[in-house]
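As given, the protein sequences belong to chains V and U, one line each in that order.
Following my numbering, the numbering of the first sequence begins with 1 at its first residue and continues without gaps.
Following my numbering, the numbering of the second sequence begins with 279 at its first residue and continues without gaps.
Just so you know, the hints here were simulated from the structure itself, not pulled from any lab data.
We put the CB at the ideal spot given by N, CA and C, even for glycine.
Treat the hints loosely; a few may be bogus.
Only some residues are given here: those of chain U computed to face chain V with a beta carbon under 10 angstroms [said to hold, decoys possible]:
no., residue
1, T363
2, I477
3, T478
4, N480
5, V484
6, L485
7, N489
8, D497
9, P511
10, P583
11, F591
Pair by pair, the computed Cβ-Cβ distance ranges are [stated by the list, open to error]:
no., chain 1, residue 1, chain 2, residue 2, range
12, U, A514, V, E63, 49 to 57 angstroms
13, V, G209, U, V596, 43 to 51 angstroms
14, V, S49, U, D392, 37 to 45 angstroms
15, U, N523, V, E33, 40 to 48 angstroms
16, U, A505, V, T276, 58 to 66 angstroms
17, U, S406, V, S49, 47 to 55 angstroms
Not close to chain U: a few residues of chain V, all C-beta gaps over 12 angstroms, as computed [claimed, not checked]:
no., residue
18, D37
19, N62
20, T77
The chain contents come next:
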Amino acid sequence: MTYFKKYIIIFVVFVFAFIIILQITMAAEVRVELTLDINPGELTLTSSSTAVFAEVTASGVNESAAGSIENVNVIDTRGTHIGWTATMTSTHFTTMSEVKFLSENNYTGTNTDVDFIGTYDGLDGVLDPARRFLVEITQAGTVGTAAVFRWTDPLGNETTGVLTDTSVSLSNGISVTFANTNYAVGDKWFVLVDVLPYTGLTVNPGDIGVNSGSLYGITNGLSGTLTGSGINSDAFSLMTADSFTGSGSYYQEVDLNLIIHNNSLSGLFTAQANITVS
Amino acid sequence: MKKTLKILAITSMLAIVSQSVAFAATQNVNTTATVAAGALGVTAGGTSNFYSGALSSSICGGSASPAVSLTTTTLCSNITAIVVTDLRSIPVGWAVSTQLKHLTYVNNTVMHMDASNSGAIAPISGTSPFDVVSGTYTGNHDHVRNVRGGYTFEIHTEGVRTGESGTTGKYIMYRPDNTTSGMSGTDIPVGGNVVDAGITFNFANVLHADNDMYFADVDALHMFDRAAGSGLPGIATNTKFQPGNITAGSTSVLTGVTAGNDNDDVDEHGSSAIISEVLPIMTAVNGAGKGEFTIAIGLESGLDPNSTASANFTAAIVVTVS
Chain V
1 MTYFKKYIII FVVFVFAFII ILQITMAAEV RVELTLDINP GELTLTSSST AVFAEVTASG
61 VNESAAGSIE NVNVIDTRGT HIGWTATMTS THFTTMSEVK FLSENNYTGT NTDVDFIGTY
121 DGLDGVLDPA RRFLVEITQA GTVGTAAVFR WTDPLGNETT GVLTDTSVSL SNGISVTFAN
181 TNYAVGDKWF VLVDVLPYTG LTVNPGDIGV NSGSLYGITN GLSGTLTGSG INSDAFSLMT
241 ADSFTGSGSY YQEVDLNLII HNNSLSGLFT AQANITVS
Chain U
279 MKKTLKILAI TSMLAIVSQS VAFAATQNVN TTATVAAGAL GVTAGGTSNF YSGALSSSIC
339 GGSASPAVSL TTTTLCSNIT AIVVTDLRSI PVGWAVSTQL KHLTYVNNTV MHMDASNSGA
399 IAPISGTSPF DVVSGTYTGN HDHVRNVRGG YTFEIHTEGV RTGESGTTGK YIMYRPDNTT
459 SGMSGTDIPV GGNVVDAGIT FNFANVLHAD NDMYFADVDA LHMFDRAAGS GLPGIATNTK
519 FQPGNITAGS TSVLTGVTAG NDNDDVDEHG SSAIISEVLP IMTAVNGAGK GEFTIAIGLE
579 SGLDPNSTAS ANFTAAIVVT VS
């Protein structure tokens, strides 16, 4: 029993000594949390603001004109990597001639009291020969009070008994304006309109370049012709980033080829292409 | 005889009493105080945030979180208030150090590509056939720069877990750096758990359909270089680690206490690839370092382009003194 007590005492002494030694030599540590929050950016698209086609001379057969939309650039810094698709739509290419004045005795006059404004939507389709919007005064007098007119659209549809005004909407995106003056019965004004439908526009999305990111999962659309029946064509795919890809900056050039129908008007045809990414 | 003894006793007592009255009295009292040896300890600020900005003399100049960018974004942070207290009786010196880890995140919301449903990809609802169970992503993969930084598990052969009734299914695991677990497929293991880079994934005990895919997002802010090897691309970061100036407590002496050297390109530790080399923060030589000493560390690294956004990247590192 005495020996047992001795051992206990020795053990306790050793434990205390060990603790003291530990206090002197034991390493200490502290945990530090490093954190980082990253804010999302945006999905954006830019491109050249204009695309000019090579000039073509009107002829009796179908021709074609080439052009391109340069620097279509998709930037995705959302940090979601959920992919995207860039598409384009287009309106029809249309033109409107200068205003022609037809008086009873003068078919080539320069009266500028009446003007036609707006952008022809081209929905009347290709008409050969090109047709016109025509306005004719049917009741003499001043604008907005007495002068009345009738008008016809390119398809020959006639609307009668319309009171003149500063601006009167006709159809297909076209309005007619009347200057503040007296108008005589029988005076006429017209403009010729023509259309190069978007269904004759072939779109060829070019190879994709990369400013930042990787081309993995990024593909350009297949060459094809626009389709649709409305003012704007159906959406046409230019480039696509698959799900789980697409972060970065990607660019391409889009080649265009437009059919110029035979016996078209000469002049500047314009269309509005709309390129979106989502 | 008795009379004589009485006289002697009385005289003796008188003598004692007279001595007590006449002598000055002194008393020595031994007082003792025992001072126990203190400990060697270290504390630090609990959390250090990374911001857009660079270090200037070990001070982080940033104050705002970064946004996803097309180019590398410089980030910096300070681990502040690293305080070493050495209250041991014998100043034998000490060394403070740490090792960095990649800042990572794991999105526990798994996406499912249902091959039998026109390949639609959607979050899993209801009973999940696949889950991220647990773990902290080590970040030990190079980035595929425009691609969702995650794991993809593709069912190579329709089937169930090993040991369950039915044909054993096989899967292919695509890691964030596009390396795979083998294109011939790997048996879904018993219990369904697959562990990779610190994360435990689990195939549920259901029939896994051929060509189905499960996606688990992960991403990393790499904090140290990793050598390329075994088919793995290397990781390059140029992470800077800069200990600042040391402040001594009011009764402490700086002599013999020095800050660690700047390290402008932190490397991995050995071949572990999940923790950096040891980075000295502050050292006290033998005979110095008693008292309290404070230091801060500046960290600077680059956030890769096209990173994952709106995620909380974290790393728990340990500062050690010994």
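> If you take the shortest Cβ to Cβ gap from U/L485 to chain V, is it below 10 angstroms?
Replying inline: violated (25 angstroms)
>> The hint names U/N489 as touching chain V; please verify it with the least Cβ-Cβ distance against 10 angstroms.
In response: Violated - the Cβ of U/N489 stays beyond 10 angstroms from chain V, reaching only about 15 angstroms at its closest.
> Does the nearest C-beta of chain V fall within a distance shorter than 10 angstroms of the C-beta of U/P511?
Replying inline: Since chain V brings no Cβ nearer than about 13 angstroms to U/P511, farther than 10 angstroms, the hint is violated.
> Can we keep the U/I477 interface hint, with Cβ of chain V closer than 10 angstroms?
Replying inline: violated (18 angstroms)
>> A closest beta-carbon separation below 10 angstroms is what the hint needs, so does U/V484 meet it against chain V?
In response: At 24 angstroms from the nearest chain V Cβ, U/V484 fails the 10 angstroms test, so the hint is violated.
>> Does V/T77 clear chain U by more than 12 angstroms, comparing its Cβ with all Cβ atoms of that chain?
In response: violated (4 angstroms)
> Between V/G209 and U/V596, does the beta-carbon spacing fit 43 to 51 angstroms?
Replying inline: holds (46 angstroms)
> Holds or violated: is there a CB of chain V closer than 10 angstroms to the CB of U/P583?
Replying inline: holds (5 angstroms)
>> The output says V/N62 does not contact chain U. Does that hold with a beta carbon cutoff of 12 angstroms?
In response: holds (41 angstroms)
>> Interface hint check: U/T363, Cβ to nearest Cβ on chain V, cutoff 10 angstroms. Holds or violated?
In response: holds (9 angstroms)
>> Verify this label for me: V/D37 is non-interface relative to chain U, using a Cβ-Cβ cutoff of 12 angstroms.
In response: violated (4 angstroms)
> Given U/F591 was flagged as interface, is its beta-carbon under 10 angstroms from a beta-carbon of chain V?
Replying inline: holds (4 angstroms)
In terms of the numbered hints stated before, the structure departs from hints 2, 3, 4, 5, 6, 7, 9, 15, 16, 18, 20, listed from lowest to highest.
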